[in-house]
Amino acid sequence: MEQISNKSVMKPGIDYIGVSVGALIFNSKGEIFLSLRSQKAKNERGHWEAPGGAVKFGETLEHAISREIKEEYGVELILLEQLPAQNHLIPKEHQHWVPSSFVSRVKGTQKPKILEPDKCDAIGWFKLNRLPRPLSIITKLDLKAFKKRSRVSR
Numbered sequence: 023m024e025q026i027s028n029k030s031v032m033k034p035g036i037d038y039i040g041v042s043v044g045a046l047i048f049n050s051k052g053e054i055f056l057s058l059r060s061q062k063a064k065n066e067r068g069h070w071e072a073p074g075g076a077v078k079f080g081e082t083l084e085h086a087i088s089r090e091i092k093e094e095y096g097v098e099l100i101l102l103e104q105l106p107a108q109n110h111l112i113p114k115e116h117q118h119w120v121p122s123s124f125v126s127r128v129k130g131t132q133k134p135k136i137l138e139p140d141k142c143d144a145i146g147w148f149k150l151n152r153l154p155r156p157l158s159i160i161t162k163l164d165l166k167a168f169k170k171r172s173r174v175s176r
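When the count follows my numbering, it moves up by one through the sequence shown with no breaks and lands on 176 for the last residue.
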């Protein structure tokens, strides 16, 4: 008799704490790049966010965010500064992530485009005082940390 494996695949952020990265990408006008999470996204569907993704085993945070942005938007980043890690708790979806985000800009004159439409419905550049709604939990936390850092460094 053949035995069938009962092992299920454990999912980061759901079955154990997930480690992720994000990018606060700014252009020369001081606008931030945001993406609208699709209905097929892992969480916070229909929310605007500073893009990012999960860190793979053995991958550095810097490599993870560079890889994620290249895969999803086709651009290379210049990482300027790393923000402190956050507690990204999504109680309604029973998820727990620990992300670290990077303040960055796009290298050269590359233009982001949606390469993974199953994850993202729209993209755009927005002034910090005219952000679309709703924003993801982590984007709100990262923007708060970014603004606090900016006030302290003056």
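Everything labelled a hint here was simulated from the structure, so no lab data went into it.
Hints may contain errors.
Stated by the list, open to error - Quick list of the computed label-pair ranges, beta carbon to beta carbon: (1) Thr131 - Pro154: 32 to 38 Å; (2) Gly80 - Lys149: 36 to 42 Å; (3) Ile36 - Ser60: 26 to 32 Å.
Unchecked claim - When the alpha-carbon atoms are kept at most 27 Å apart in a straight line, the in silico DSS-like pairs for lysine-lysine are as follows: (4) Lys129 - Lys166; (5) Lys141 - Lys162; (6) Lys92 - Lys166; (7) Lys129 - Lys51; (8) Lys129 - Lys149.
Using N, Cα and C, we set each Cβ at its ideal position, and we do this for glycine too.
Status of the hints after comparison with the structure:
1. Thr131 - Pro154: 32 to 38 Å: Between threonine 131 and proline 154, where Cβ atoms are some 25 Å apart, the hint is violated.
2. Gly80 - Lys149: 36 to 42 Å: holds (38 Å)
3. Ile36 - Ser60: 26 to 32 Å: Violated, at about 18 Å.
4. Lys129 - Lys166: holds (25 Å)
5. Lys141 - Lys162: Within the cut-off at roughly 20 Å; holds.
6. Lys92 - Lys166: holds (26 Å)
7. Lys129 - Lys51: holds (15 Å)
8. Lys129 - Lys149: Roughly 20 Å between the alpha carbons, so the hint for lysine 129 and lysine 149 holds.
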